[in-house]
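Colleague: The task is simple: from the sequences and hints, build the whole structure.
Chains X and U, in that order, are what the protein sequence lines are. Read in order, the letters of the first sequence correspond to residues 1 to 364 in this note's numbering. Read in order, the letters of the second sequence correspond to residues 1 to 410 in this note's numbering.
These are computed hints drawn from the structure, not numbers from a lab. Hints are supplied without guarantee of correctness; some may be wrong.
What the hints assert, rightly or not - Calculated pairs, DSS-like style, for lysine-lysine (alpha carbon to alpha carbon, straight line, at most 25 Å):
{"id": "1", "chain 1": "X", "residue 1": "Lys167", "chain 2": "U", "residue 2": "Lys74"}
{"id": "2", "chain 1": "X", "residue 1": "Lys27", "chain 2": "U", "residue 2": "Lys137"}
{"id": "3", "chain 1": "X", "residue 1": "Lys263", "chain 2": "U", "residue 2": "Lys74"}
{"id": "4", "chain 1": "U", "residue 1": "Lys137", "chain 2": "X", "residue 2": "Lys263"}
{"id": "5", "chain 1": "U", "residue 1": "Lys137", "chain 2": "X", "residue 2": "Lys266"}
{"id": "6", "chain 1": "U", "residue 1": "Lys79", "chain 2": "X", "residue 2": "Lys28"}
{"id": "7", "chain 1": "X", "residue 1": "Lys263", "chain 2": "U", "residue 2": "Lys79"}
{"id": "8", "chain 1": "X", "residue 1": "Lys263", "chain 2": "U", "residue 2": "Lys113"}
The residues making up each chain are set out below.
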Amino acid sequence: MKMYNQNELGMKEEVFSGSKPKHNAKKKIVLPVMLAVLVLVLILATAIGAVYIPFGQTARIILKNIGLLKNATFQEGHEEIIFYVRFPGVLVAALVGAGLATSGAVMQGMFRNPMADPGILGVSSGAGLGAVIAIALGLNSKSMLILPSFAAIGALAASYTVFRLSKRGGRIPVLTLVLSGIAVSMFLGAMTSIVLTTIHGDQIKEYLFWTTGGLTARRWEHVLMAVIPITACIAILLAYSRDLNILLLGEEEAQAVGLNSTKTRKILLVLTSITTAAAVSVSGNISFVGLIVPHIMRLIIGPDHRILLPVSAVGGSIFLVVCDLIARIIPNPRGIGVGIITSVIGAPYFLFLLIRTRKGEDAI
Amino acid sequence: MTTGHKDYAVVIKNLDYSIDDVKILKDINLCVGRGEFVGLIGPNGAGKTTLLKCIGGIYSYNSGEIYVNHLNIKHTDCKKVAREVSLMHQNTHITFPFPAIDVVLTGRYPYLKRFETESSEDYRIARKYMSYTDTLKFESKPVTNMSGGERQRVLFAKVLTQETDLILLDEPTASLDISHEEQIFKYCNELVANGKTAIVAVHDLKLASRYCSRLVLMKDGEIISDGSVEEVLTPENLSVAYGVRAVVYKNRITGLLDFYTHKLEHGKSRKKIHVIGGGGSASGIIRQLFEYGHEVSTGVLFPGDSDLQCADVFGIKTVVSEPFNGISEQYFNKNVEYIKDADLTVLCNMPFGIQNIKNLEAASFAKNLVIIEDDPPMSRDYTCGQALKIYEKLAQKAIITTSAKLHEVI
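Modeller: Right, dumping it as C-alpha cells:
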C-alpha cells in the first residue's frame, strides 16, 4: 500500500546504514561488569561476619551446597554459618535491592518524574499498614506468609486507590497521580499510627524491627518467599522496557505511535506494587534504594530502559548487599537496621539532587 | 469496517467532544480526500488541536464517528491506528536525554511485536528520514541538548518513520525560524504529491494560503468555512472567525496572497473623510483612517498609482481618472461631490504637477481641511509656483500637521 519510494521524494537513492549506533554498543559492557561485581560482593558479604571465614572457602562452601562442587570438607560449623545463616540473608538483600531499584526505575519512567519511587505512590505505606494490621491481630506468629500477604494486599489497595483517584476522563495526568499518591500516603500513615496505639510492647518491638528495615535472621524461607514474585515481576517489567522508553516521551506522544498508555501504566503499576510488597514483606521498609540506584545508573548508561532496567536491578542488589554488610559490621549490640543505612546514604543524595534541580541543571 | 467513501483518507461524521460538560468540538463533519493538503486554521481555542488529536486516536470522543482509511478508529487497536495515522504534537518537551535516533526509532513501534528488537531495516528507514529532514548528522546527540528547531525536525523524522498514509501536524512551525518554517511545508507538499494526505493546524495564514490545497476554518469548536484558499480566506470569514477587520489582497511584490488585519474597535464615532493624494502619499493615511473606523473616500487617482491599489484593497469609494489625461471636468465634479459630502478632507503630502493641480483646487470645497506636510511644499512643486499659490490659500484656513500626528487632529 505504501506508494512511495526514495526517488519520488526527491531524495538521492542512497542506501542508509542499518547498523546500531555506537552509543549503545559501549554500554553493553556495563551489565557483565556489574554482574561480576555482584558475585564478588555476594561472596564477600557472606564471608564477613562475627566469625571471619576466608573468601575462597566461602565461595567453595556455597558452590558445594548448590551442587556445583563435590568432595570438599570444611571446618566444623562453617558450612552451617555460611549456608544457613549468612547466605540467605545476603540473597534476600540482593533480591530486595533488585526489586526496589527496578520498581523505582519503572516508576520514574512511567511518571516521567526522576523523583518518583515506590514511596511516592503510597505503595510502601499501603504495605506498611497491611503489615501493622497483621501484627496487631497477632496473626504474624501463626504463619510466615501472613505478614507478606497483608503487605501485598495493602500495597495493591493503595496503588489501586491512587490510580482511581487520579483518573480523569480515561486519562491519568502525572501531577494528579503524584499528588493523590502523597495524600493517600499521609492518610495510610495516620491509619498506621492509629493501629499502633492499640498494640502492646512485644508487638511494637516487632513493628519497629519491621519498619526500620531488617535483614538479620532471614532464612531460606524468606528467600523462597521473595524470589518468585520479584524475579517474575522483573522479567515481565524487562519486556516492557521499550514501552517505558516511549512513555518517557510523553503520554500523547506514546499514544500517537500506538501505545495504549493508560493500560500500560495500569499493568506497570500492578507489577511494581507486587514487587515492592514482596520486597517490603521480607525486609521491612527500606527507603531510597528505588530512588538513588536508578539515578546513578542513568548517569552512567543513559535513559534507555532496555539497558537501564537490568543494570538497575543488579545495581540495586549490589547497593543493598553492601548497605547490609555495613549495618552488620558497625558494632552495636542490638544491630542497626539496613533501612537506616540506606536512608543515611540516600537522604543526602536526594537533597543534592533537589539542589541541583533548583539551580536549573538537569536533575537526571 | 467500510464506510462507502472509497476515496477519502478521513471521514468524520457528527463528531462531538467535550471535557467536563464543556463542548470543545460541536458536530464536526469533514471528509478529506487522498492527496489533499488541508490547512486547519482559526483563532486560539477554536478546537484545531483537539480535532487533530481525535483523528489521531489520542482523544476518545463522545459521539460521532471518525474513519481513517475506512477504519473506525474508536474500535481499532492502537497499534493498527498508528500504522495509518501519525501525529506531530505542538509542544514536545522531552526531559530525558535520548539520542536523536532512538526518538526517531519510536516511529517503528507500531510495526514491532513485544519481544522484537529493531531490525537493521528499521534503522535504515529511520536514517532515511533523518537524512531527509537534515538531522542525520546528529543522530547520537541527546534531544535535550538540541535547539527547538533541531528537535522539531527530529520529531518530524519520527513522524515520517511511522510511514503512515495520513500525517497530522499540530503547529509544526511553532518553534522554527523562517528558513525551516517553509521547509516543513515544502516537505508536506512533496509528501502529498506522492499520495499521502496531510492535515496541518497552522496559525500563519500566509503559509497556509501558499502551500495548502484546501483550508478549513474553525471557530468555537465548529467548522465555519471549508474550501479552496480563495473561498475560505475572505474578509467576511476572517472577520467572523478572528473578530478583526481583514483585508485580503495579492501582494504586488511577491504576487502571493497577503493579509492586512485590524482588531475591531467599537463605540468610536465614525466620520466621513475624503483623502486627496497620489504617488503613494495617501496609502498610509487611508490605512490609518480605516483603522480608526472612519468612512473613507479618495480621489482623483490615476491608474497605476499605488494609492489606487491601496484604495482597492480597503474597498473604499474612489474617483479614478483616465491615464495621462489630466483631470477632466467629469472626474473633478465627482471629486468635489465627495469632498462636499465629507466631514473632513485630508490633503496628503503629495507632489503637485500639471496633471493633478485640479485636486488642489477641489480641496477648497472642503468643510474642514487638514493638510499633511511632511516635506516643505516647495520641494514638491513641479508647476513653477502655480500650485504653491493655491496651496498657500488653502493653508490659511486649514490645520497643518504631519502624517505621524494625524490622529491628534482627528
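Colleague: Hint by hint, where does the structure go against what was stated? Just the numbers, ascending.
Modeller: Hints 4, 5, 6 are the ones this structure does not satisfy, whereas the remaining hints hold.
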